[in-house]
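Asks: If you want the building blocks of each chain, they are given just below.
There are 2 protein chains.
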Amino acid sequence: MAQKPSIPKGTRDFSPEEVAKRNYIFDIIKTQFKSFGFQPIETPSFENSSTLMGKYGEEGDRLIFKILNSGDYLKKADAKALELKDSTALTYFVSEKALRYDLTVPFARYVVQHQNEIEFPFKRYQIQPVWRADRPQKGRFREFFQCDADVVGSDSLWQEVEFIQLYDAVFTQLGLEDVTIKINNRKILSGFAEVIGEQDRLIDFTVALDKLDKIGEAGVRKEMLDKGISEKAIDKISPIFDLKGSFAEKVSGLQTILESSETGMKGIEELQFIQNAVAEMPLKTATLDLDVTLARGLNYYTGAIFEVAAPEKVKMGSIGGGGRYDDLTGIFGLKNMSGMGISFGLDRIYLVLEELDLFPETVRENTKVLFINFGDKESLYAMKSIRSLRNAGITAELYPDSSKMGKQMKYADKRDIPFVILAGEEEIEQQTFTLKHMKSGEQDTISLEDLVSKLS
Amino acid sequence: MAQKPSIPKGTRDFSPEEVAKRNYIFDIIKTQFKSFGFQPIETPSFENSSTLMGKYGEEGDRLIFKILNSGDYLKKADAKALELKDSTALTYFVSEKALRYDLTVPFARYVVQHQNEIEFPFKRYQIQPVWRADRPQKGRFREFFQCDADVVGSDSLWQEVEFIQLYDAVFTQLGLEDVTIKINNRKILSGFAEVIGEQDRLIDFTVALDKLDKIGEAGVRKEMLDKGISEKAIDKISPIFDLKGSFAEKVSGLQTILESSETGMKGIEELQFIQNAVAEMPLKTATLDLDVTLARGLNYYTGAIFEVAAPEKVKMGSIGGGGRYDDLTGIFGLKNMSGMGISFGLDRIYLVLEELDLFPETVRENTKVLFINFGDKESLYAMKSIRSLRNAGITAELYPDSSKMGKQMKYADKRDIPFVILAGEEEIEQQTFTLKHMKSGEQDTISLEDLVSKLS
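Residue numbers (our numbering), protein chains in the order written: chain A, 1 to 456; chain B, 457 to 912.
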């Protein structure tokens, strides 16, 4: 019986045009990853549940897609969990595997598992889909690609410099100018908390500060007060609300605020190193900006924190982010591996390029020329010529059936094939081809040699 | 607490070298797919269970990986299924989605769902992973890639000719010469059954015949007898055991055997059309061979049946296969869509290329030159030069830490980086670079310009 076909919510089919556009972005990212010395790895789509569970917090555990064990999976199921219809308890018995939730934990697992085959520092990139049982909404999917580049095994600040240049290189090659690479440092945030004596409330403090853009100074103050940070402490740190101007001016403001914090001053030193290096090798089209409110996944990052904002004319949150972490592989037993990584938000970059009309014309191009099918004799003549064209790198096709001319022309038109070739008895006799340009309607009867050079 | 990291059985991590080699194969297949006018699509990793279940037979249903519903999935579970611990019955209640089992059914679903956006004939290719809960064994995985090209909406035999040329083009470009493209036709097999009056036992007949290679004529005869085919019928068809010689000679033998079967004679006509066209446009390195025992997924194919055998010197079953089907999209309600498709067996092709040492040297190449790190001042000099090299398309890296020289050299060696650059105070002063070839140990002190041209 026929079913009305559909796909699960939050997933997508990609048409030829969409695949071509996505690959255009992937290819540029990959080219730059490689150019910067990153090497590709791939990990399985599903991992043992024990590898993933407990790594992304309680909400993450809920959002991980679990795979049902094969066969008679209820055989070993806990009777009590069944009786109580306790889904959470039962999961442990009926599911051993789960779909990848991000690329970072599998990467950490990979590094630890293969540590004896890897030369450190290890610079890897990974472009693969991940799955999350999030409520689907505009721009949020249950299956989406992540594009990550990480290096583990070095705490050199040159990595931070490299990653900034990598962002700049990718967005420049994509034609997406004027992105802002925002930088902050966990040590700056720790310094703030230290200066006001609220080290224990670092997370609350930074979560509130992170909202400055959205809720303004008054809102941030209120939230900090609500979280139990004293009025006096907030007053003490209030100069950060007024940090303005160039990178250097903001740094100089920070120096006054953080002078009593050793950690904070170390953060400033790191920022300055990075800023100096970038100044010596100016970015092509991106701007590096210091944003002391930037926090992202704070409990994760230990040094630099990055976020890339799309050009202001486009309303589109961040299109990339990353930072330095000191103990990524510790969860799997390999200690003291400082690392840092960044990622590119493929789906958002796609939307930005679409909105700014930055996909090149050629991205949709597939078949260059269609041979009209006039019957078997003409088709053989066409097929032989198609072979020569393909050998010359020209994508050519024969319309497979000798349908009515109008139908074949319409097919070429709908598929955006720019040229058709009409080769009937007369052309075969004279070993020529009548080439028609679809848009202009212009026609020319030429030799195979001329055909190849004209279509190349 | 640290866990000993591992991955689920039947899955694989791919190292940078393995990814590079796999991509080498994928890229050649994609290039040829495109050159023949196929367009890429992608479908979600998981489909609604109703899309997949019942499409691959009973065993297929068992081998499909099911995804556990999110949240309190037991809430709506059938009480009886729980009480009886009936896994099969419960699955229906606790799992709505399942991982893709192949690319063919999702393709059929895609065509029907998007029929109004598609121009027919639709030539698509798709290269994505599929998952099967098979018992893992040597060369059989639970996650593996399929590479498929199909065309739907045309029953022209020129498609068959194209697919043969496509196989030839891909294997030629891979340097894998002497593959055999075996062809048969469902109509030939039906003709055999018709001639001996055993149309009802077509499947039993062809399953037995398919084993001729392995169990010989006596074995095939015995199996046919066991299945209830009469001695007399087998005798009548026995000339097929003796079909030998060239394509044309075999065809001529078939003409005698099948002369009383209209279907069989139609099959011969199709074979001859294809063989004539291929003879007019000789294959580059592959051989087309008629194999009347070839059956593959018979209940699926309606016309041509293909299978590609690796060169005889390698012991490795088929590395590709396909055929014509007349009603692929019928299961989703779109009738009368003749189509045909072929696929490439990525994992086996990989093993064959490895065994015959056909991966090009350059496939492993990543970073071309490593700058030795002598400290921050030298690093800045290095980084500036690295930028110029990268802009010239040369992959260059700075060793991120100013570790001991020996450690840095060892890193270059282990990573197969062919050149290192030593640039200390003297070089900076003279704006030069000392380039060392790792293998020969040769050293040269040269300008940036010479560096670029030497490494390009």
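If you are wondering where the hints come from, they were derived from the structure by calculation, not from laboratory data.
It cannot be assumed that every hint is accurate.
Said to hold, decoys possible - Footprint (simulated), chain A over chain B, 3 or more residues, beta carbon under 8 Å:
#1 487 to 497
#2 518 to 531
#3 585 to 593
#4 693 to 699
#5 812 to 819
#6 867 to 874
#7 889 to 897
Note that CB positions come from ideal geometry on N, CA and C, so glycine has one too.
Asks: Okay, the stretch 889 to 897 of chain B and chain A, do three or more residues pass the C-beta test at under 8 Å?
Replies: violated (count 0)
Asks: If you count the residues of the stretch 518 to 531 of chain B with a beta-carbon closer than 8 Å to a beta-carbon of chain A, do you get 3 or more?
Replies: holds (count 12)
Asks: Per the coverage rule (Cβ-Cβ under 8 Å, at least three residues), is the stretch 693 to 699 of chain B covered by chain A?
Replies: Coverage by chain A is violated for the stretch 693 to 699 of chain B (0 residues, Cβ < 8 Å).
Asks: Mind taking a look at whether chain A covers the stretch 812 to 819 of chain B? Criterion is 3 or more residues with CB to CB distance under 8 Å.
Replies: Three-residue rule not met by the stretch 812 to 819 of chain B, so violated; n is 0.
Asks: Verify the coverage statement for the stretch 585 to 593 of chain B against chain A, using a C-beta to C-beta distance below 8 Å and requiring 3 or more qualifying residues.
Replies: holds (count 3)
Asks: Do three or more residues of the stretch 867 to 874 of chain B come closer than 8 Å to chain A, measuring C-beta to C-beta?
Replies: holds (count 3)
Asks: Check whether three or more residues of the stretch 487 to 497 of chain B sit with their beta carbon closer than 8 Å to a beta carbon of chain A.
Replies: holds (count 7)
In summary, the numbered hints that this structure violates are 4, 5, 7.
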